[in-house]
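**Student:** Here is what each chain is made of, one letter per residue.
Number of protein chains: 2
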Amino acid sequence: MCELLGMSANVPTDIVFSFTGLMQRGGRTGPHRDGWGIGFYEGRGLRLFQDPRASSESEVAQLVQRYPIKSEVVIGHIRQANVGQVCLANTHPFVRELWGRNWCFAHNGQLTGLVGATSFYRPVGDTDSEAAFCDLLNRVRRAFPEPVSVEMLLPVLVAACASYRQLGVFNCLLSDGDWLFSFCSSKLAHITRRAPFGPAQLKDADLKVDFQAETTPNDVVTVIATEPLTDNEQWTLYQPGEWRLWRRGECIADGKA
Amino acid sequence: MCELLGMSANVPTDIVFSFTGLMQRGGRTGPHRDGWGIGFYEGRGLRLFQDPRASSESEVAQLVQRYPIKSEVVIGHIRQANVGQVCLANTHPFVRELWGRNWCFAHNGQLTGLVGATSFYRPVGDTDSEAAFCDLLNRVRRAFPEPVSVEMLLPVLVAACASYRQLGVFNCLLSDGDWLFSFCSSKLAHITRRAPFGPAQLKDADLKVDFQAETTPNDVVTVIATEPLTDNEQWTLYQPGEWRLWRRGECIADGKA
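As you go down the protein sequences, you meet chains S and H in turn.
FYI, in numbering that gives the first Met the number 0 the residues of the first sequence are 0 to 256.
FYI, in numbering that gives the first Met the number 0 the residues of the second sequence are 0 to 256.
The hints are simulated quantities; they were obtained by calculation from the structure and are not laboratory data.
Treat the hints with caution; some may be incorrect.
In the SDA-like style, the derived pairs of lysine to any residue whose C-alpha atoms are separated by at most 20 Å in a straight line are [what the hints assert, rightly or not]:
id : chain 1 : residue 1 : chain 2 : residue 2
1  : S       : LYS69     : H       : CYS86
2  : H       : LYS69     : S       : LEU62
3  : S       : LYS69     : H       : GLY167
4  : H       : LYS202    : H       : GLY167
5  : H       : LYS255    : H       : GLY167
6  : H       : LYS69     : S       : CYS86
7  : H       : LYS69     : S       : ARG52
8  : H       : LYS69     : S       : LYS69
Could you build all of it, start to finish, from the sequences and the hints given here?
**Tutor:** Okay, here's the thing in structure tokens:
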């Protein structure tokens with residue numbers, strides 16, 4: 000199993016605190032030694048850091064922890080390889096351009112029997128995850144050759160996720176830089192932080208942060224993770240089959256497949 | 000004008016030396032203050048570092064200079080903005096997936112009147128460069144929906160470059176991770192280093208490297224840059240309209256458009 004990390008916020012926010020917790024699970028407090036990656040949206044641009052080595056030993060991960068990149072949407076992932084060798088091409092998150100936007104995707108779980116169509120989007124590596132991402136984008140493109148709103152898009156996303164779930168475990172995060180879509184087949188949790196902000200204590204590292212000192216009263220920041228990252232806050236667990244769509248920190252749609 | 004940097008090698012080679020020279024031109028010895036980016040292929044994977052800030056002040060650039068990433072194909076770029084605001088989405092190199100491979104592109108020059116087709120690949124940012132890259136990929140895709148060899152592809156690449164050159168200045172580097180294609184409309188230089196290796200002295204920084212100590216006798220490493228990066232070696236200048244195709248450090252095809 001891998002671990003996912005997502006963030007949706009209404010102001011550019013740094014994710015150093017949550018990322019630091021997640022990175023510990025990459026070979027130190029967790030078994031996820033087979034690479035990690037994180038994508039930060041800056042406007043329509045996407046800044047991607049990836050390393051096929053364990054995050055707890057990665058020099059690039061240390062840079063990301065030191066360097067408070069502020070973003071409104073973030074997708075991160077640490078990997079324990081099930082399918083596909085350990086290499087950069089198999090490292091999440093995966094990115095493709097659709098409708099002139101960068102789409103970013105990370106997956107936790109394992110799928111068997113996914114038939115990767117030799118359609119428009121094709122996997123570069125050999126993971127089931129990237130094959131699912133390409134299949135999903137091919138479905139979107141077939142349904143909507145021209146851009147539509149995320150509300151119109153949702154039924155296609157949910158139907159695709161529901162079909163992948165039939166093939167195994169499929170927890171995922173997907174974004175185009177504006178909205179963040181999350182689907183839970185087995186395990187996913189979220190927390191929305193807003194005023195009054197309090198302190199938070201990481202489960203996986205001896206690190207505490209006082210969000211009150213770091214935020215303004217209007218900030219709304221949602222963090223999504225495979226498992227809760229802090230042990231003094233109340234996270235909400237997704238139910239199997241549940242999906243949520245986030246924008247600027249708020250849940251704007253949800254449902255169950 | 001921007002500056003380009005490319006490398007093609009027959010063994011994974013670090014480009015720290017050349018990158019260090021190029022980065023000095025990003026705001027210190029040169030006027031290219033509007034961002035920089037560099038893509039390193041690792042197998043079929045592509046590691047991309049970008050920053051919309053001046054390279055001589057960028058923390059990410061310092062990481063790349065410290066961190067000897069070894070690669071067989073590299074494409075780098077520092078930017079002086081002509082078209083499009085200074086932001087991540089407008090920062091070279093640009094990447095798209097085609098035929099299940101990562102295609103990476105950087106451009107030096109300025110084009111006027113390029114009509115960006117609303118075809119398959121669409122620009123995320125608003126530079127003429129990314130519009131040309133998308134147009135080029137759309138042409139390739141239209142000509143060859145399924146993968147073909149680079150030899151079959153070459154006429155399409157050269158014809159596309161020749162047409163962009165009619166619209167202004169178009170020096171470019173393009174790769175799919177295997178080959179590196181270079182086109183010169185006004186300014187480009189290359190050097191191929193092979194045994195016996197000697198010392199090299201950067202023009203833009205007080206840095207010398209003894210390639211003999213860093214290489215094996217079979218290594219072949221070609222570096223391509225807008226202007227020669229060293230002042231004690233013999234670089235070859237491209238002629239306007241000249242293109243060269245590199246693979247594993249060797250020029251495998253060339254011609255004039």
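**Student:** List in ascending order the numbers of the hints, as given earlier, that are violated by the structure.
**Tutor:** 3, 4 and 8
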